[in-house]
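> These are the residues of each chain, in order.
Protein chains: 2
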Amino acid sequence: MPTTPHHLQAVLLATGNELMTGDLVDSNSAWLAKQLTELQVGVRAKLTVGDQFEELVWAMTQAIEKAGLVILTGGLGPTSDDLTRALLARVSGRPLQRDPELLREIEDFFHQLGRTMKPVNRIQAEIPDGAQGLSNPVGTAPGIRIEIGAATVFALPGVPREMIAMFETHVRPWILQRTPPTTHRISILCCGRGESDLVEELAEVIERIRSCPELSFGTRASDSVIALKLTGPRADELEQFAREIENRLGPIAFGRGNSTLAEVVTQLLFQRGQSVVVAESCTAGEIGHEITTIPGSSQVFPGGWISYSNEFKHRFLDVPQPVLDSFGAVSDACVLAMAEGALQQSGADWAIAVSGIAGPGGGSPEKPVGLVYFAVGQPGNLRVFKRTFSNLGRETIRRRATLTALNALRLRLLNIEPVE
Amino acid sequence: MPTTPHHLQAVLLATGNELMTGDLVDSNSAWLAKQLTELQVGVRAKLTVGDQFEELVWAMTQAIEKAGLVILTGGLGPTSDDLTRALLARVSGRPLQRDPELLREIEDFFHQLGRTMKPVNRIQAEIPDGAQGLSNPVGTAPGIRIEIGAATVFALPGVPREMIAMFETHVRPWILQRTPPTTHRISILCCGRGESDLVEELAEVIERIRSCPELSFGTRASDSVIALKLTGPRADELEQFAREIENRLGPIAFGRGNSTLAEVVTQLLFQRGQSVVVAESCTAGEIGHEITTIPGSSQVFPGGWISYSNEFKHRFLDVPQPVLDSFGAVSDACVLAMAEGALQQSGADWAIAVSGIAGPGGGSPEKPVGLVYFAVGQPGNLRVFKRTFSNLGRETIRRRATLTALNALRLRLLNIEPVE
Chain A
111 MPTTPHHLQA VLLATGNELM TGDLVDSNSA WLAKQLTELQ VGVRAKLTVG DQFEELVWAM
171 TQAIEKAGLV ILTGGLGPTS DDLTRALLAR VSGRPLQRDP ELLREIEDFF HQLGRTMKPV
231 NRIQAEIPDG AQGLSNPVGT APGIRIEIGA ATVFALPGVP REMIAMFETH VRPWILQRTP
291 PTTHRISILC CGRGESDLVE ELAEVIERIR SCPELSFGTR ASDSVIALKL TGPRADELEQ
351 FAREIENRLG PIAFGRGNST LAEVVTQLLF QRGQSVVVAE SCTAGEIGHE ITTIPGSSQV
411 FPGGWISYSN EFKHRFLDVP QPVLDSFGAV SDACVLAMAE GALQQSGADW AIAVSGIAGP
471 GGGSPEKPVG LVYFAVGQPG NLRVFKRTFS NLGRETIRRR ATLTALNALR LRLLNIEPVE
Chain B
111 MPTTPHHLQA VLLATGNELM TGDLVDSNSA WLAKQLTELQ VGVRAKLTVG DQFEELVWAM
171 TQAIEKAGLV ILTGGLGPTS DDLTRALLAR VSGRPLQRDP ELLREIEDFF HQLGRTMKPV
231 NRIQAEIPDG AQGLSNPVGT APGIRIEIGA ATVFALPGVP REMIAMFETH VRPWILQRTP
291 PTTHRISILC CGRGESDLVE ELAEVIERIR SCPELSFGTR ASDSVIALKL TGPRADELEQ
351 FAREIENRLG PIAFGRGNST LAEVVTQLLF QRGQSVVVAE SCTAGEIGHE ITTIPGSSQV
411 FPGGWISYSN EFKHRFLDVP QPVLDSFGAV SDACVLAMAE GALQQSGADW AIAVSGIAGP
471 GGGSPEKPVG LVYFAVGQPG NLRVFKRTFS NLGRETIRRR ATLTALNALR LRLLNIEPVE
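Going down the list, the sequences are from chains A and B.
Under my numbering, read the first sequence as residues 111 to 530, first letter to last.
Under my numbering, read the second sequence as residues 111 to 530, first letter to last.
Since the hints were derived computationally from the structure, they do not count as laboratory data.
Small disclaimer: the values here were computed from a predicted structure and weren't measured.
Please note that the accuracy of each hint is not assured.
Pairs involving identical chains hold if they fit within one copy or between any two copies, as the list cannot separate such chains.
[To be verified] The calculated BS3-like cross-link candidates involving lysine-lysine, where the alpha carbons are at most 30 angstroms apart (straight line), are:
#1 K176 to K477
#2 K144 to K496
#3 K176 to K496
#4 K176 to K144
#5 K144 to K477
#6 K339 to K228
#7 K176 to K339
#8 K477 to K339
#9 K176 to K228
#10 K477 to K228
#11 K477 to K496
#12 K144 to K228
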């Protein structure tokens with residue numbers, strides 16, 4: 111990033127003892143980094159320290175030397191652990207003063223909640239002389255903006271919801287005034303092929319993208335979904351490369367941006383006026399829960415069965431007892447019968463049935479932990495297949511089974527056979 | 111932490127461009143911080159920088175000045191982006207040399223995978239003169255341990271699975287030789303009361319704990335579960351305070367450490383030889399999925415119904431059509447009928463039924479987004495109650511409904527009435 115001017119670089123400073131003990135994963139920094147990157151602000155460093163004054167002074171001193179924009183999170187509450195006000199006063203060399211307007215805003219906020227402001231909250235209206243108080247639309251802790259040396263420092267609350275609201279209200283507009291948005295990003299989401307296989311298949315395109323000095327290409331894998339990320343200054347050029355990749359990958363690429371398999375599947379069902387039911391054993395409700403992350407999914411998803419025990423499979427999905435006795439619940443015959451039962455009972459257009467061994471126990475040489483059977487399809491037209499997921503733990507196996515099932519339904523809705 | 115000797119303090123240094131763009135949440139640092147805190151090593155700061163040599167040099171220089179233990183993650187791969195080896199050589203002032211033993215280990219690892227080592231991987235056997243190569247039991251990238259100034263630096267791979275394996279193999283034993291484990295921690299988990307109410311109720315005990323200079327008390331809220339954390343040098347003293355808190359809170363405190371409501375509930379059912387079924391509308395499988403995070407939960411959980419549509423509720427759980435027509439799916443009458451239907455169909459001992467408005471649409475002045483009805487109990491002995499969760503988004507409402515339902519079952523299993 112050597113060509114980016116200094117004032118378009120940022121340092122993130124996360125504070126709080128709970129970040130130093132591993133009690134809390136710092137999701138703020140990743141969220142902020144994503145926003146800043148999209149706004150073309152390069153993040154030079156992230157610093158994280160606890161609520162110790164000398165560590166805070168060290169970190170802030172480093173931060174304002176390294177970048178023109180410093181975003182600090184945390185330490186704005188009313189207790190003695192909340193050192194951000196004192197920190198900004200120390201590093202800027204300016205005394206704290208009570209800001210009457212800020213005090214009124216805090217009082218108003220308490221008033222709206224039907225509560226009376228406690229005296230201790232008055233301290234939250236204190237900001238260094240010459241700094242600007244930033245109103246908090248969703249909480250009691252106001253933020254602070256202050257110029258220190260060549261840097262502009264924004265101090266925001268540590269609570270993610272409040273931090274996000276204040277970033278949008280105060281920081282984003284400030285940045286947009288200074289950086290014309292000329293970086294474009296396209297993220298192509300893929301499912302059904304591994305990261306290294308994708309990179310190998312696309313080697314030639316990737317090389318052409320990377321040979322353009324202004325363009326970048328990267329991948330990111332999250333469970334069974336791989337994101338291919340293209341960045342560059344010209345939207346049409348990126349779009350051309352993106353379409354080339356999507357054409358080459360065909361149905362492997364299922365969407366862009368923040369889309370999800372659940373969203374694509376519900377959209378396809380909605381377009382066709384069709385419905386899907388689930389019969390879940392090892393995933394035990396995760397597929398239903400995932401489908402219903404999409405608002406309005408009730409139009410395509412009447413419900414399903416969490417058929418965890420063999421008896422439940424037999425009684426409510428009519429899985430024949432001989433199937434369970436001869437082949438077991440983790441078998442092609444069982445998932446087929448589960449899907450048939452779900453279709454017959456519900457009259458839905460499509461069914462997904464899943465049964466597998468999520469571990470840690472219950473595996474055998476023939477049926478190891480990670481083995482999952484799937485049946486996906488329509489009445490009289492069901493496809494059965496299996497996967498053996500790496501044994502990366504019970505929840506990872508179940509998550510991958512859920513996404514694999516949704517992807518299989520997506521492919522069948524597109525009239526493409528899932529790979530056996 | 112002013113009394114802790116310098117060599118028992120650590121700085122974490124996470125590297126990689128993907129951490130600077132928000133494409134990846136740094137889970138390594140939180141995991142490492144947790145381990146180090148439990149090992150009584152105070153984490154003074156976390157630094158995160160991208161794969162730029164000058165930023166890496168800055169961060170490493172800061173790190174070795176601040177603490178006696180520095181754990182760096184990332185940058186050990188074979189590509190030109192992997193700068194950790196060059197960084198350690200630069201900051202230590204010692205040239206890189208190829209370590210023949212390390213080379214043999216890397217070759218062996220490839221051999222075990224049935225693959226041939228590529229020439230590019232040879233660079234991974236290069237470590238600064240005087241440093242020690244650390245074998246990687248689960249990957250190709252060896253780690254490095256090196257003394258720079260007064261600090262010991264461990265460089266570990268960035269892939270979480272490899273990082274964890276190498277921490278356990280190389281770093282933990284090194285720390286244990288230097289720090290007798292004399293800090294104890296107790297974490298008391300609570301559900302059914304808010305964080306500020308808990309702190310108010312316990313104000314007197316908390317004050318007594320905090321008046322002991324060696325003891326500390328903190329809280330952490332995660333959805334509907336609040337953890338009360340006590341830390342101190344003497345196990346019996348902590349235990350006494352913990353029991354006092356647990357006695358005062360009664361059934362509000364449901365467990366300790368890493369326990370979950372699902373674990374406690376399945377354990378109670380297991381002890382009684384009883385079973386539970388679910389009838390889920392707005393949570394749509396999340397309760398079943400949560401119960402089955404516990405290995406062996408099949409002994410107490412035969413399954414359930416994801417009764418998302420009204421028709422599904424009527425057809426498979428016998429919710430009377432007049433109930434749906436007169437009161438709607440989000441009503442006390444509906445969840446009662448759902449639970450009764452689930453009990454009758456399954457013959458299970460207990461049932462949980464949930465129906466609510468998760469949003470973002472579908473709310474009204476009488477039934478706002480966040481309103482959720484619950485029915486929990488046994489045949490002829492069901493309790494119905496409702497909650498109105500803050501509208502913090504669809505997934506937060508559903509998560510809180512899931513935990514509230516499990517907590518209600520826990521209380522009923524303990525013969526305690528859930529608060530209406």
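> What label fits K176 with K339 when the C-alpha limit is 30 angstroms: within, between, both, or neither?
within (27 angstroms within a copy, 36 angstroms between copies)
> Using 30 angstroms as the alpha carbon limit, work out where K144 and K477 are close: within a copy, between copies, both or neither.
neither (42 angstroms within a copy, 36 angstroms between copies)
> At 30 angstroms max between alpha carbons, let me know whether K477 reaches K339 within a copy, between copies, both or neither.
neither (37 angstroms within a copy, 42 angstroms between copies)
> Treating 30 angstroms as the Cα threshold, decide for K339 and K228: within, between, both or neither.
Only across copies: K339 and K228 sit 26 angstroms apart there, 49 angstroms inside one copy, limit 30 angstroms.
> Is the C-alpha distance from K477 to K228 at most 30 angstroms within one copy, between copies, in both cases, or in neither?
neither (62 angstroms within a copy, 32 angstroms between copies)
> As a check of your reading, is K144 near K228 (CA-CA no more than 30 angstroms) within one copy, between copies, both or neither?
Classified as neither: same-chain Cα gap 37 angstroms, cross-chain 35 angstroms, threshold 30 angstroms.
> State whether the alpha carbon distance between K144 and K496 is at most 30 angstroms within one copy, between copies, both, or neither.
neither (37 angstroms within a copy, 38 angstroms between copies)
> Classify it for me, K176 with K228: is the Cα-Cα distance of at most 30 angstroms met within a copy, between copies, both or neither?
Neither, since 39 angstroms and 39 angstroms both go past 30 angstroms.
> Using 30 angstroms as the alpha-carbon threshold, which applies to K176 and K496: within, between, both, or neither?
Neither way: K176 and K496 sit 52 angstroms apart in one copy and 52 angstroms across, limit 30 angstroms.
> Classify it for me, K176 with K477: is the Cα-Cα distance of at most 30 angstroms met within a copy, between copies, both or neither?
neither (56 angstroms within a copy, 52 angstroms between copies)
> Evaluate K176 and K144 at a C-alpha cut-off of 30 angstroms and name the case that applies: within, between, both or neither.
both (19 angstroms within a copy, 29 angstroms between copies)
> Check K477 against K496 for me: Cα-Cα at most 30 angstroms, and say if that holds within a copy, between copies, both or neither.
Classified as within: same-chain Cα gap 11 angstroms, cross-chain 44 angstroms, threshold 30 angstroms.
Hint compliance for this structure: hints 1, 2, 3, 5, 8, 9, 10 and 12 are broken, all remaining hints hold.
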